[in-house]
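So the protein sequences, as listed, match chains R and S.
Here our numbering is used: the first residue of the first sequence is 2, the next is one more, and so on.
Here our numbering is used: the first residue of the second sequence is 2, the next is one more, and so on.
The set of hints was computed from the structure by calculation and includes no laboratory data.
Take the hints with a grain of salt, since some may be wrong.
Listed below are several chain S residues computed to face chain R (Cβ distance under 8 Å; list not exhaustive) [unchecked claim]:
1) I35
2) F37
3) D208
Label pairs and their computed distance ranges (CB to CB) [stated by the list, open to error]:
4) R:D259 - S:G538: 39 to 49 Å
5) R:A105 - S:N156: 27 to 37 Å
6) S:E505 - R:E60: 44 to 54 Å
7) R:E517 - S:K136: 50 to 60 Å
8) R:P185 - S:K597: 51 to 61 Å
9) R:E60 - S:N156: 48 to 58 Å
10) R:T268 - S:Y265: 26 to 36 Å
11) R:E60 - S:E517: 16 to 26 Å
12) S:A134 - R:D259: 35 to 45 Å
13) R:E545 - S:N580: 17 to 27 Å
14) S:I35 - R:N473: 21 to 31 Å
15) S:K137 - R:K307: 54 to 64 Å
16) R:T268 - S:K136: 44 to 54 Å
Which residues of chain R face chain S? A few of them, derived with a C-beta cut under 10 Å, are [claimed, not checked]:
17) R41
18) L128
19) E140
20) N184
21) F217
The beta-carbon is built from N, C-alpha and C at its ideal position, and this holds for glycine as well.
Chain by chain, the residues run as shown.
2 protein chains.
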Amino acid sequence: MYRSHTNGELRLANAGQEVTLAGWVQTVRKFGAITFVDLRDRYGITQLLFGEELNKQLEENPLGREFVIQAKGKVNERSNKNLNIATGEIELIVSNFTILNKSAVPPFTIQDDTDGGDDLRMKYRYLDLRRNAVKKNLELRYNVGRAARNYLHNNGFMDIETPFLIKSTPEGARDFVVPSRMNPGQFYALPQSPQTFKQLLMVSGYDRYYQIVKCFRDEDLRADRQPEFTQIDCEMAFVEQEDILSMFEGMVRHIFKDVKDIDYTDTIERMTWEEAMWTYGNDKPDIRFGMQLCNLKFPSHTFTTKESIASLINGADFQVFDSAETVIAIAVPGCAEYTRKQTDEITEWVKRPQIGMKGLVFIKVNTDGTYKSSVDKFYDESRLKAIADAAGAKPGDLVLLLAGTEERTRKATSELRLEMGKRLGLRKDNEFRLLWVLDFPLFEYDEDGNRWVARHHPFTSPKPSDISTMINNNPVIENAAEYLKHPYANIKANAYDMVLNGNEIGGGSIRIFQRELQEKMFAALGMDAEEQQHKFGFLLGAFEYGAPPHGGIAFGFDRLCSILGGSESIRDFIAFPKNNAGRDVMLDAPASIDDKQFTELQIKLNLQ
Amino acid sequence: MYRSHTNGELRLANAGQEVTLAGWVQTVRKFGAITFVDLRDRYGITQLLFGEELNKQLEENPLGREFVIQAKGKVNERSNKNLNIATGEIELIVSNFTILNKSAVPPFTIQDDTDGGDDLRMKYRYLDLRRNAVKKNLELRYNVGRAARNYLHNNGFMDIETPFLIKSTPEGARDFVVPSRMNPGQFYALPQSPQTFKQLLMVSGYDRYYQIVKCFRDEDLRADRQPEFTQIDCEMAFVEQEDILSMFEGMVRHIFKDVKDIDYTDTIERMTWEEAMWTYGNDKPDIRFGMQLCNLKFPSHTFTTKESIASLINGADFQVFDSAETVIAIAVPGCAEYTRKQTDEITEWVKRPQIGMKGLVFIKVNTDGTYKSSVDKFYDESRLKAIADAAGAKPGDLVLLLAGTEERTRKATSELRLEMGKRLGLRKDNEFRLLWVLDFPLFEYDEDGNRWVARHHPFTSPKPSDISTMINNNPVIENAAEYLKHPYANIKANAYDMVLNGNEIGGGSIRIFQRELQEKMFAALGMDAEEQQHKFGFLLGAFEYGAPPHGGIAFGFDRLCSILGGSESIRDFIAFPKNNAGRDVMLDAPASIDDKQFTELQIKLNLQ
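From just these sequences and the hints, can you work out the full model?
Spelled out as structure tokens, the structure:
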């Protein structure tokens with residue numbers, strides 16, 4: 002070993018001991034004839050004191066930032082203690098030292114507040130990873146993984162590795178494919194998830210499976226997506242939805258306690274998908290704050306169980322509302338005194354292309370009991386009051402109303418709610434609120450193909466009460482215009498998402514385990530028997546030999562870590578992430594390959 | 002939950018309780034009006050008793066092998082106890098049952114001694130995985146992984162994920178490549194190991210890294226290779242060879258104790274590569290038994306420190322030995338009484354193409370003090386005695402001698418030794434002998450390119466004493482015929498392999514951490530500066546910013562598990578293995594892909 006102790010280890014009790022340290026030079030400070038060096042490693046920082054007798058050697062071998070050195074000497078009690086760091090009561094009086102490796106001047110400072118921009122830090126990721134901020138993230142990631150493993154182990158789950166070179170069955174996202182040299186003209190695919198394998202393991206009787214595993218999706222990357230990402234992937238046999246919810250509430254509580262020392266003892270709320278869409282405009286609501294949606298107007302085919310209160314706004318000759326399919330309001334607390342400039346700015350915000358609304362209506366609920374609105378000329382005070390009351394506004398609140406087509410308006414109101422929550426400091430990094438969203442629709446309608454697509458994936462079971470509806474009806478949509486009247490439109494999935502602070506951190510379902518139902522599902526997605534057999538023959542086969550009821554869940558490990566770490570970006574929690582073009586700028590990958598590789602793989606480029 | 006207890010859980014203490022069980026029907030036996038069913042799950046088997054009152058229901062819903070059922074009833078003490086299984090003191094008196102899923106008759110029996118052939122079992126792997134023999138292997142694998150993780154965690158190692166979509170830098174084995182849709186004409190490669198990433202993590206100061214990780218090599222598959230395989234991959238900073246050896250001896254001892262309850266307290270033997278080749282003809286010797294090689298004759302350029310004893314065989318007019326480059330003997334214990342038929346059979350064995358020798362000479366060391374040999378007419382008794390003594394033969398032993406060119410003869414003698422060890426029962430599945438092999442040559446000579454190749458990999462450091470030889474000499478080989486005289490031919494690597502029962506289970510090295518030395522290494526392998534920069538610019542760059550001394554090791558996880566499980570085949574320890582053509586016969590992968598995928602990836606086939 003190049004050291005007897007790490008740089009985070011020495012305490013007052015070690016005073017007088019001869020020790021050897023090794024690490025990186027964080028800072029060099031000269032005080033007269035004496036030189037102080039802060040020596041850093043993963044475990045901490047120790048102050049080294051170089052006395053006058055070492056000056057000649059230091060002049061001949063000057064130390065610079067990020068040099069790697071080894072220093073021997075005696076541990077000494079510091080006169081000037083630094084109680085902010087664990088080793089701050091001691092220093093090392095250096096008797097001799099060796100430069101193990103020099104360092105060029107780093108392209109950015111290795112500090113929490115670095116002067117390096119994103120591109121530079123990604124190119125020199127090996128230096129960026131030295132920064133304490135990044136190191137803390139990767140440590141958190143390690144701790145979350147270990148806590149999950151321990152919990153799952155203690156609950157009888159087995160880590161079983163599933164293959165990475167599998168078969169391409171594009172259904173939903175695009176596969177990455179790998180040409181097979183030994184099987185010319187054929188390709189493997191990288192798994193988008195181990196879904197079918199974990200189901201086969203249930204058929205094989207492994208009962209409780211987990212894996213922390215890389216998955217791959219060749220999608221156009223949005224700001225915070227990666228082509229390779231990691232899942233905590235789990236499956237259980239002989240379970241119903243409630244068993245899964247309870248098991249994985251336990252896992253998340255365990256992670257909170259183990260990693261963050263947070264006792265999450267609150268009941269974890271549950272909400273149906275319909276309720277989430279109605280109340281928050283979103284299937285992964287951030288419930289750290291209220292500001293719930295007031296659905297003033299909505300089309301007759303959505304939320305059929307809810308009562309319409311369109312009379313509150315209709316018939317005032319305000320064409321925007323009268324002609325709108327949907328009008329939704331939120332009451333923003335304490336913002337009645339916003340200036341014209343401020344309401345204009347919010348209006349501009351909702352008109353941005355990402356939000357896409359045409360404008361914004363506001364009602365100020367003044368503390369003196371009066372109302373002031375941008376649509377004063379259409380609505381008198383009593384009507385303004387009725388609308389504000391419906392939105393749950395209190396004196397001092399600002400009611401914001403959006404109008405337009407159903408989907409866009411709902412989404413925009415949800416975005417506006419989140420934005421106002423952020424501006425008002427209602428979305429705190431250190432507050433955590435978990436939520437289960439349940440009872441998703443099993444299918445979505447695909448207009449292009451006039452067919453159904455699986456909202457979750459094709460292996461998700463319908464609710465037990467909907468199985469007969471699925472079996473006994475023809476999935477074909479005869480009348481595209483009236484697809485909502487097809488019995489499949491109302492089938493609910495036996496699926497669940499776990500939401501943390503407005504982010505989906507996990508999702509899963511009870512699976513189909515009967516061949517007949519699985520075939521019906523594939524048929525609904527437009528696969529004929531031949532295609533079913535070609536793509537999923539192994540799974541249909543497995544269901545013939547005693548498949549047990551089973552279900553599971555997968556957590557987005559990168560996302561879970563980033564939220565627990567209080568960050569918006571998953572990239573900060575991945576050691577070697579890729580950029581938005583799917584490139585690793587440090588490696589400069591992907592890259593061209595040799596002619597020999599093309600020849601061996603029997604493929605060639607076909608650039609357009 | 003579909004059950005209140007598992008099938009491995011109920012004991013006499015549960016007698017009288019009302020419980021619900023679920024699982025697979027292992028057997029159905031009728032005794033008069035009563036039916037017994039053995040119900041199986043991952044945890045065990047519980048006997049169910051169906052009384053007369055259920056006969057009508059059983060007739061209407063007959064149970065078959067591998068049916069999945071749920072059964073409710075009362076736990077009862079068995080009159081006829083089966084003390085071989087944990088639940089053997091009780092049975093469940095079934096009050097009612099439900100068939101959760103039927104099963105077709107499986108294509109082979111789900112038993113330890115199955116009647117299914119290899120191909121059939123691979124096609125229906127999900128059924129093969131139900132067999133106890135396979136389940137035990139995967140449980141062992143899980144236990145080995147968990148023991149390794151716990152040991153590494155307790156020693157300060159952090160699990161850090163490295164990327165799977167990297168850059169192709171073919172050097173040694175062939176890469177699997179992945180076309181990038183977002184970067185047309187460019188390809189990712191799948192990692193052959195996380196080697197450079199773990200080194201970067203050391204440069205980044207993570208100090209102790211590990212990962213249990215999939216790696217990929219596109220090689221022609223021998224009997225027991227897989228295109229994707231798993232490594233326990235580890236790296237440490239500020240270490241020398243001795244630190245690594247001691248840390249990972251500890252890990253393997255921990256695994257032995259934790260998984261096999263074996264206290265491996267013996268000192269783990271160490272042997273140089275030269276000594277291993279001299280004594281066992283092999284760089285991964287099985288030291289569970291002796292039968293060491295007696296090197297009667299060898300070329301002057303190999304084992305230059307060893308004394309030649311060729312005079313024992315030379316000059317007897319036996320042309321085969323006189324003209325041979327190499328003659329090696331082993332003394333097989335207790336086989337002096339082999340019949341002519343038996344010695345002939347061994348002769349045929351060494352003449353098989355896989356071994357490739359022209360013949361075999363034997364000397365029987367009879368217990369009466371006489372000698373009998375196949376070359377009696379060339380060697381008198383005193384010479385036969387001298388040869389047998391040199392080979393360490395005792396009365397009753399059979400000395401076997403092989404002659405030919407150095408490499409083939411040494412390899413053949415090693416194979417013969419292993420074969421005789423196997424035949425004599427000296428290689429016991431339940432005996433474990435660990436060994437470190439040290440001081441490998443750093444380079445091998447590549448005749449085709451008249452250049453050096455790295456024996457381990459290009460990141461392995463030479464021994465500290467050989468660094469100046471490497472730096473101060475030109476790696477170019479001016480005179481191909483005399484490459485052995487090049488200073489690089491004698492450079493030893495700072496590398497080590499861990500060998501268990503004749504299998505390499507782990508290998509690693511202290512790494513180069515200085516840019517100059519790394520450049521020299523790349524140059525020795527024939528890479529010019531431009532190629533170095535293109536392929537490994539990131540690593541050379543990292544070495545400029547304070548790279549610490551570091552080293553590591555990787556264990557072949559599949560192999561380690563198979564040896565601990567007492568099996569020759571790694572395939573038995575992989576949930577979903579591929580066959581020798583790299584195919585997953587269950588999935589039928591690899592397979593063709595859609596035209597749309599070709600178009601999006603901008604590649605096409607170029608079949609020859």
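Status of each hint after checking the structure:
1. I35: violated, 24 Å
2. F37: Result: violated, 19 Å to nearest chain R Cβ.
3. D208: holds, 4 Å
4. R:D259 - S:G538: 39 to 49 Å: holds, 40 Å
5. R:A105 - S:N156: 27 to 37 Å: This hint holds: roughly 32 Å between Cβ atoms.
6. S:E505 - R:E60: 44 to 54 Å: holds, 50 Å
7. R:E517 - S:K136: 50 to 60 Å: Given about 29 Å between the Cβ atoms, the range is violated.
8. R:P185 - S:K597: 51 to 61 Å: Cβ of P185 (chain R) to Cβ of K597 (chain S): about 21 Å, so the range 51 to 61 Å is violated.
9. R:E60 - S:N156: 48 to 58 Å: Because 40 Å falls outside the window, the suggested range is violated.
10. R:T268 - S:Y265: 26 to 36 Å: Violated, since T268 (chain R) and Y265 (chain S) (Cβ atoms, about 50 Å apart) do not stay within the stated range.
11. R:E60 - S:E517: 16 to 26 Å: Roughly 24 Å apart at Cβ, these two residues keep to the hinted range, so it holds.
12. S:A134 - R:D259: 35 to 45 Å: holds, 36 Å
13. R:E545 - S:N580: 17 to 27 Å: holds, 23 Å
14. S:I35 - R:N473: 21 to 31 Å: violated, 39 Å
15. S:K137 - R:K307: 54 to 64 Å: holds, 56 Å
16. R:T268 - S:K136: 44 to 54 Å: Since T268 (chain R) and K136 (chain S) have Cβ atoms about 38 Å apart, the given range 44 to 54 Å is violated.
17. R41: holds, 7 Å
18. L128: holds, 6 Å
19. E140: holds, 7 Å
20. N184: holds, 5 Å
21. F217: holds, 7 Å
In terms of the numbered hints stated before, the structure departs from hints 1, 2, 7, 8, 9, 10, 14, 16, listed from lowest to highest.
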